[in-house]
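Engineer: Residue numbers (numbering that gives the first Met the number 0), protein chains in the order written: chain A, 0 to 151; chain B, 0 to 151.
Calculated from the structure, these hints are not laboratory results.
Just so you know, these numbers come straight off a predicted model, no measurement behind them.
Among the clues, some could well be false.
Identical copies carry no separate label here, and so any pair may be met within one copy or between two of them.
[What the hints assert, rightly or not] Mimicking BS3-like on lysine-lysine, the simulated pairs with C-alpha atoms at most 30 Å apart in a straight line are:
(1) K26 x K55
(2) K55 x K86
(3) K89 x K104
(4) K55 x K138
(5) K150 x K89
(6) K122 x K89
(7) K26 x K89
2 protein chains.
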Amino acid sequence: MNMKLLLSALALALGSGYTLTAFSQVKPDVMVKQRQAAMTLQGKYFGPMGGMAAGKVPYRADVVTYNASLLDALSRMPWDGFDASTKDVKSAALPAIWGESAKFKQAQDNFQDAVQSLVRASKGGDEAATKAAIGGVGKTCGGCHQNFRQKQ
Amino acid sequence: MNMKLLLSALALALGSGYTLTAFSQVKPDVMVKQRQAAMTLQGKYFGPMGGMAAGKVPYRADVVTYNASLLDALSRMPWDGFDASTKDVKSAALPAIWGESAKFKQAQDNFQDAVQSLVRASKGGDEAATKAAIGGVGKTCGGCHQNFRQKQ
Chain A
0 MNMKLLLSAL ALALGSGYTL TAFSQVKPDV MVKQRQAAMT LQGKYFGPMG GMAAGKVPYR
60 ADVVTYNASL LDALSRMPWD GFDASTKDVK SAALPAIWGE SAKFKQAQDN FQDAVQSLVR
120 ASKGGDEAAT KAAIGGVGKT CGGCHQNFRQ KQ
Chain B
0 MNMKLLLSAL ALALGSGYTL TAFSQVKPDV MVKQRQAAMT LQGKYFGPMG GMAAGKVPYR
60 ADVVTYNASL LDALSRMPWD GFDASTKDVK SAALPAIWGE SAKFKQAQDN FQDAVQSLVR
120 ASKGGDEAAT KAAIGGVGKT CGGCHQNFRQ KQ
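Make the full structure from the sequences, and use the hints.
Structural biologist: Structure below.
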């Protein structure tokens, strides 16, 4: 198979929600799946850090540094998935996401800023400061979940 | 709510698959959900690049650099989810993952190496080289999907 054919096939197989003519034309249900995937992985990498900051699992600086670096990437991923076209797709997203979009954007920014603080703290090597920064991220998770997500 | 309580609540809410006593005790169905989430997001960020390399969407160097940087993080995420404890969870994963684990590991490494090459190429600013590197990543996606994943 030549490279162009291979890439076309892959683009179809992997990006089945993409029309490949514009970035904005991802299907709403695919956008919901992608943003939920980002949240799932934020949970994967934040979960153990939350446990460490709460004293429920032994603190491991190397794990925190690694998880924080991946959370950095993940903290950027969900937001374009909250497109207005997804309003009618079944999910836990509340209408306030679109009705109070400035407040929602602020909550995203607070989370991303807190993750950046955690990344810096985790590189600094101070356990207490790093645990405090983990707590800071946790608070900003709640900032979105309390106001923009159905109670589970 | 004090910080310890907040963090405990968050750890429970976000990391519901974690026992919080050991990193290895994530429930098998949660591990499958997490690794599938990583693949979903690899599709999100690779899809448009595949389209560009195939000439189906206009090339945008800034998008490639950004997507490649996120793919870098995502390329590290699925693999610990292929734990032997997940063998019986329904998914497209083939038994060869555990039966030919050295070959599976090699396929992971090939993918991660190709993503690193793409990250470097995307920073270099040479469109043709970057498109070739996108193709290189695409080939290594196939390296896993052909041998270790049920045909869809």
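Engineer: For every hint, state whether the structure bears it out.
Structural biologist: Comparing the hints with the structure gives:
When the C-alpha separation of K26 and K55 is checked against a cutoff of 30 Å, the pair qualifies only between copies, where the shortest distance is 18 Å, while the shortest distance within a copy is 41 Å. For a Cα distance limit of 30 Å, the shortest separation of K55 from K86 across copies, 29 Å, qualifies, whereas the shortest one inside one copy, 38 Å, does not. Taking CA atoms no more than 30 Å apart as the test, K89 paired with K104 passes inside one copy only; the shortest distance there is 21 Å, against 37 Å between copies. For a Cα distance limit of 30 Å, the shortest separation of K55 from K138 inside one copy, 18 Å, qualifies, whereas the shortest one across copies, 42 Å, does not.
For the identical chains of this complex, K150 and K89 are neighbours both inside a copy (14 Å) and across copies (28 Å), given an alpha-carbon limit of 30 Å. Neither within a single protomer nor between protomers do K122 and K89 lie at most 30 Å apart by alpha-carbon distance, with minima of 40 Å and 39 Å respectively. Proximity of K26 and K89 under a CA criterion of 30 Å is satisfied in both settings, with 14 Å inside one chain copy and 26 Å between copies.
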